[in-house]
Amino acid sequence: MLEAVARVLVWLGLGEILMRLGLVPVPGPVSGLVLLYLDLLRRGHLPEDLGRLADRMLALFGLLFVPAGVGVIAHADVLRAELVPVLAAVIGGTVVTLLATVATLALSHRWVRRGRTDGDRIEEADARA
Amino acid sequence: MPDAHAWARLPEQPALEVGVTVLAFLCAVRLARWSGNNPFLNPTLVAIVIVVALINATGVSYATYLRGAGFIQFLLAPTVVLLAVPLYRQTSLIRASGGLIAAALLVGMPTGVLSAVGIAWALGASQSTLLSIAPKGVTTGIAIGISEAIGGVPALTAVLVISTGIVGAIAGPAIQRWLHVEDDRVTGLAIGIAGHGVGTARALQISEVAGAFAGLGMSLNGVLTGVLLPLAMRVF
Chain A
1 MLEAVARVLV WLGLGEILMR LGLVPVPGPV SGLVLLYLDL LRRGHLPEDL GRLADRMLAL
61 FGLLFVPAGV GVIAHADVLR AELVPVLAAV IGGTVVTLLA TVATLALSHR WVRRGRTDGD
121 RIEEADARA
Chain B
1001 MPDAHAWARL PEQPALEVGV TVLAFLCAVR LARWSGNNPF LNPTLVAIVI VVALINATGV
1061 SYATYLRGAG FIQFLLAPTV VLLAVPLYRQ TSLIRASGGL IAAALLVGMP TGVLSAVGIA
1121 WALGASQSTL LSIAPKGVTT GIAIGISEAI GGVPALTAVL VISTGIVGAI AGPAIQRWLH
1181 VEDDRVTGLA IGIAGHGVGT ARALQISEVA GAFAGLGMSL NGVLTGVLLP LAMRVF
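Chains as they are written, first to last, in the working numbering: chain A, 1 to 129; chain B, 1001 to 1236.
One should not assume that every hint holds.
To be verified - Residues from chain A that keep clear of chain B, each with C-beta distances beyond 10 Å, as calculated: (1) M1; (2) L2; (3) I17; (4) L21; (5) G22; (6) L23; (7) D39; (8) R80; (9) V90.
Stated by the list, open to error - So the derived label-pair ranges between C-beta atoms look like this: (10) A:L23 / B:W1178: 35 to 45 Å; (11) A:S108 / B:R1177: 18 to 28 Å; (12) B:E1148 / A:G51: 28 to 38 Å; (13) A:D55 / B:R1030: 42 to 52 Å; (14) B:G1099 / A:A81: 40 to 50 Å.
If you're looking for bench data, these hints aren't it; they were derived computationally from the structure.
Glycine included, every Cβ here is placed at the ideal spot set by N, Cα and C.
Okay, chain B solo, but in the shape it has when bound (with noise of 0.2 Å):
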């Protein structure tokens, strides 16, 4: 029988961390297709809310979970570089809608960080949250580095960027039915604009189309967010 010692040990052991964090995923997938892909019970969503949970019943702390879990967050950056395989099977198509594709991002990204920072300020948020939450439309990695740069909270950035591809990936597909958008491209480069990775994840689900399209809305806000909006904050 191993002593409390051992047991007070085994958050460090990164196997549960990573086997907590897949078990509960895994519980959301099944949830999410049990439902008929209920889009409110997104499985990133309903995956954080489970971990969230077992952290708070069990009284491990963020950092002792992240160090676990570190490593599936490791694959996040492999992962955006091989969105370029989607990319790369939908060259032609992408190659015809320069356009299309243009008039996304110059419409999507300053709406992005405008109607965010502008509801927030409206509402009497603290300085320090509206920089945090200016790059919120913005991919995790990129984000966290403008929020930085700007003089936001890192780490209070990247959980509103998650919360923010929550919210693309819920009510994109909404929209789209609403409006009856029959071009996945125009859902794609929509979702992926408002909700990066996580809108996505889901628009790869759509279709092909949809989710190559998600990737590139996703990579061009990202670099051209990335560069201009610390630019701007230069210059005000």
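This is chain A alone, in the form it adopts within the complex (with noise of 0.2 Å):
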């Protein structure tokens, strides 16, 4: 397991180091995820105890977010001062981009399916004829 935990750490160290050297434009986790990644892809294989880790750390994602969220109070004047703006700008902005990116998706996803619809419809046509 410790081999697992220092696997991410390097990756993660790395990445930070990339950042502060101006190599790479993105912050040091993302750049970790990506080499962590490339890593895997260059083995070829899930170590065991590696997936355990993500597992037990990917069901505690939600908990790592409440320290940062509680940071509402340090900034309970700025937000009730812009109360409207800001919440409808949390919550329009999150569901327009949901609805926009949902329904691109499906409907490229139609397009797709009757093209591919059409298609055997030719070839069985085709094969009739």
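Combine both chains into one complex, guided by the hints.
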């Protein structure tokens, strides 16, 4: 298990260093994610301990956002002063983004499926002819 | 019997803040399960409400709380790295879904930034609030960096990011049912792009495919926004 922890921390640390050197414009954890993914692709298999560690930690993912969320009390004055625009942007913006993304993908899906069924029909017609 | 001074130093003991946060989340998870996973009883949201109530009741400052609870926040970075694991497990499906992923980002990323900033601007938000809102759809670590780069208030951005994730976690599955989305790749991508890590935590409960695609949407959206938003701000 310690090996899995070390592997994660090494890629995370490298990601942090890459960002501070200005070599990549993304934060350390994201570089670390990409580096670990490439590491797994290169090895061609997932070490059992690493899989177990990921399942355990990702089950607690929601807990890790609590401390930052509690920061709401430190900004109560700004939030109270601009409550309506902020709430509308957070709720409205997020729902609009979800709807736009899902609708686009559903449409492209239907389009692809229709293309495929048309193709099948043409093949069937060809076969009959 | 310890003196009053010893009691006053109790909040300096990280075990207390970590313990309170873990217990609050445990209660929140129990409550969510007891309610049959009522979307409005999102565990992250409920835990935040409990901790805020406790802090307000005891008069501890947020800075003091964070000094202890920072130990929990530290785990966020390695856990984001661990999202590589569900991604790796779904590698073949991801390879076969390039078009879907590209379409989701092409629509989701600009919609996420522009809809939020547009709504807040139309309702008269101040300049610094607008800049703090712009990166709100991106995962915490990246959003704070963007906010700093474009002149927002990073700590305010962090709060808006969490709120956005909670809305994504609540609304995502509702929209999935409402629009009868049967493809978990679509649900995952949308939740990850609109609701980053908190949304991904919810998507992981739907299925591993939804979780992996949410993690993918979150990461790609984070990287793209992190690169493009500061560039766009420099141009305008």
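Going through the hints against the structure:
In this structure M1 of chain A is separated from chain B by more than 10 Å, as the shortest Cβ-Cβ distance comes to about 13 Å. Chain B leaves L2 of chain A outside its interface by the beta-carbon criterion, the shortest separation being 13 Å against a cut-off of 10 Å. For I17 of chain A, the condition that its CB be more than 10 Å from all CB atoms of chain B holds, with the nearest at approximately 13 Å. With a closest Cβ-Cβ approach of about 15 Å to chain B, L21 of chain A is found to remain outside the 10 Å limit, as its non-interface label requires.
Here G22 of chain A stays apart from chain B, with its beta-carbon at least about 13 Å from theirs, past the 10 Å limit. In this structure L23 of chain A is separated from chain B by more than 10 Å, as the shortest Cβ-Cβ distance comes to about 13 Å. A beta-carbon of chain B is positioned within 10 Å of the beta-carbon of D39 of chain A; the least distance is around 8 Å. At roughly 12 Å, the least C-beta separation between R80 of chain A and chain B is larger than 10 Å, which holds for a residue marked as non-interface.
Listed as a non-interface residue, V90 of chain A fails to keep its Cβ farther than 10 Å from every Cβ of chain B; the least gap is roughly 5 Å. Our hint of 35 to 45 Å for L23 of chain A and W1178 of chain B holds, since their Cβ atoms are close to 44 Å apart. Evaluation of the 18 to 28 Å hint for S108 of chain A and R1177 of chain B yields a pass: the beta carbon distance comes to about 20 Å. A C-beta distance of roughly 35 Å is found between E1148 of chain B and G51 of chain A, which places it inside the suggested range of 28 to 38 Å.
A hinted range of 42 to 52 Å for the beta carbons of D55 of chain A and R1030 of chain B is inconsistent with their spacing of about 21 Å. The supplied range of 40 to 50 Å is met by G1099 of chain B and A81 of chain A, whose beta-carbon atoms lie about 44 Å from each other.
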